[in-house]
Amino acid sequence: MPVISAPYAFNEEELYVDLRSIFGHSLFLKCEGFNFAGSIKLKAATEMVESAERAGDLRPETTLVESSSGNLGVALSMIAASKGYRFLCVTDSRCNLATRLMMEALGSQVHVVADQESNGGFLGARLAYIRSLCASDERCLWLSQYTNPSNWQAHYRRTAPAIARAFPRLDLLFVGAGTTGTLMGCARYFREWNRPVRIIAVDSVGSVTFGGTPGHRMIPGLGMSVQPPLLDESYVDDVVQVEEADTIRACHRLAKRGFVFGGSTGTVVSGATDWLTRHEALGRTAVAIAPDLGERYLDTVYHDNWVQDLYGEDVLAPDPPLDADVAPLGPTPPEPQPRRRRHDA
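Numbering (the working numbering), first residue to last: 1247 to 1591.
If you are wondering where the hints come from, they were derived from the structure by calculation, not from laboratory data. A few of these clues could be false.
Said to hold, decoys possible - Below, computed lysine to aspartate or glutamate pairings styled on DMTMM-like, alpha-carbon distance capped at 25 Å:
| hint | residue 1 | residue 2 |
| --- | --- | --- |
| 1 | Lys1329 | Glu1307 |
| 2 | Lys1329 | Glu1258 |
| 3 | Lys1502 | Asp1555 |
| 4 | Lys1329 | Glu1384 |
| 5 | Lys1502 | Asp1565 |
Unchecked claim - Quick list of simulated restraints, FRET-style, between CB atoms:
| hint | residue 1 | residue 2 | range |
| --- | --- | --- | --- |
| 6 | Asn1551 | Gly1461 | 20 to 26 Å |
| 7 | Cys1386 | Pro1475 | 42 to 48 Å |
| 8 | Leu1261 | Leu1343 | 23 to 29 Å |
| 9 | Ala1255 | Gly1302 | 20 to 26 Å |
| 10 | Ser1328 | Gly1302 | 18 to 24 Å |
| 11 | Asp1478 | Asp1303 | 22 to 28 Å |
| 12 | Gly1457 | Ser1328 | 38 to 44 Å |
| 13 | Gly1302 | Pro1414 | 37 to 43 Å |
| 14 | Pro1564 | Cys1386 | 46 to 52 Å |
| 15 | Arg1503 | Pro1475 | 35 to 41 Å |
| 16 | Lys1329 | Arg1503 | 36 to 42 Å |
| 17 | Ala1252 | Arg1385 | 22 to 28 Å |
| 18 | Asp1550 | Glu1384 | 46 to 52 Å |
| 19 | Pro1475 | Glu1438 | 21 to 27 Å |
Yeah, the Cβ is synthetic: ideal placement off N, Cα and C, and Gly gets one too.
Let's have the full structure, built from the sequences with the hints guiding it.
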């Protein structure tokens, strides 16, 4: 029985959903939303704050500052509240209302950027605001998830090893691309592993991460309006880009089976199933990473009026039945590995 005194000390690492009965492919979804921050961003947030502490950069008068579309802001708000730090999150109008309210409930300040930069979109405007703020106030410390190596190191040390323990015969790993911290940490780990693993990045149409044409995006989480400094494409074997309408369809298809996941997860699942449909995947073990759960998306991704206004009524049309002849089921799920008790010294 876990007993904790700090909220960031708990994170469920060993929960997977077998999606074959929903999407017709052998695909295991690693659920990263079961912690007090509600997303995979807890790992990067913890690693970045603790790295700043080790470096001596955090003092009593310091205000942590970060740009976030939502999940990292919540994670940093939770850690700041627990450790007694001040935190300012700079976000934009795409950030879900529930996410902003969560950050404020945890005692953080939230600044919403209203305008976009001509080349960098909302992200460029957010970063410009932070640079101006830090230049004018030396008490501000920008953690910079977009350039901070602690971002990818968190997943090199935790996320990827957890997947390797659960799936020692892993063949395919699908990872959503935002800052690319999760992608780069996992890709670096499996490049050094004892068997080859194909790393497939999943991105949103309208993102420029992999050189795509910039476009309007309404679902926060994945995709970038500037190329992420952490990205090293030599570690990526393939890229799938997903239309936001397909993200919506995947989220609603999961919800109809009782699984309410966030928009990023819908994008990853849609991209993974599209890739598996186009490639021979029989007998291959495939895992996709689900960054968060869906409660914070109830007024957007799961709100019919919001969805139909942006993507049209057809996006919520009934799903076609699965064709077992077209979608191979692949291997049976592995038996759960027994948990080991941890004895702290």
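How the hints compare with the structure:
About 13 Å separates the Cα atoms of Lys1329 and Glu1307, which keeps this hinted pair within 25 Å; it holds. Taken as a hint, the Lys1329 and Glu1258 pair is honoured in the structure, with Cα atoms around 21 Å apart against an allowance of 25 Å. A hinted pair counts as satisfied when its Cα atoms are at most 25 Å apart, and Lys1502 with Asp1555 qualifies at roughly 21 Å. Using a Cα cut-off of 25 Å, the hinted pair Lys1329 and Glu1384 holds, with the two alpha carbons roughly 21 Å apart.
With a C-alpha separation of about 10 Å, the suggested pairing of Lys1502 with Asp1565 holds against the 25 Å cut-off. Taking 20 to 26 Å as the suggested C-beta distance range, the pair Asn1551 and Gly1461 conforms, at roughly 23 Å. Taking the beta carbon of each, Cys1386 and Pro1475 are about 20 Å apart, not inside 42 to 48 Å as hinted. Taking the beta carbon of each, Leu1261 and Leu1343 are about 27 Å apart, inside 23 to 29 Å as hinted.
Checked against the given bound of 20 to 26 Å, the beta carbons of Ala1255 and Gly1302, roughly 23 Å apart, stay inside it. A hinted range of 18 to 24 Å holds for the C-beta pair Ser1328 and Gly1302, which are about 20 Å apart. Between Asp1478 and Asp1303, the C-beta spacing of about 26 Å keeps the proposed range 22 to 28 Å intact. Taking the beta carbon of each, Gly1457 and Ser1328 are about 40 Å apart, inside 38 to 44 Å as hinted.
Range check, Gly1302 to Pro1414: about 40 Å between beta-carbon atoms, so the 37 to 43 Å window is met. Remark: the range hint 46 to 52 Å for Pro1564 to Cys1386 is upheld by a beta-carbon distance near 51 Å. A hinted range of 35 to 41 Å for the beta carbons of Arg1503 and Pro1475 is consistent with their spacing of about 38 Å. Remark: the range hint 36 to 42 Å for Lys1329 to Arg1503 is upheld by a beta-carbon distance near 39 Å.
For Ala1252 paired with Arg1385, a C-beta distance near 24 Å keeps the hint of 22 to 28 Å intact. At about 48 Å, the beta-carbon gap between Asp1550 and Glu1384 stays in the expected band of 46 to 52 Å. As the Cβ distance of Pro1475 to Glu1438 is approximately 22 Å, the hint placing it in 21 to 27 Å holds.
Hint 7 from the earlier list is the only one contradicted by this structure; the remaining hints agree with it.
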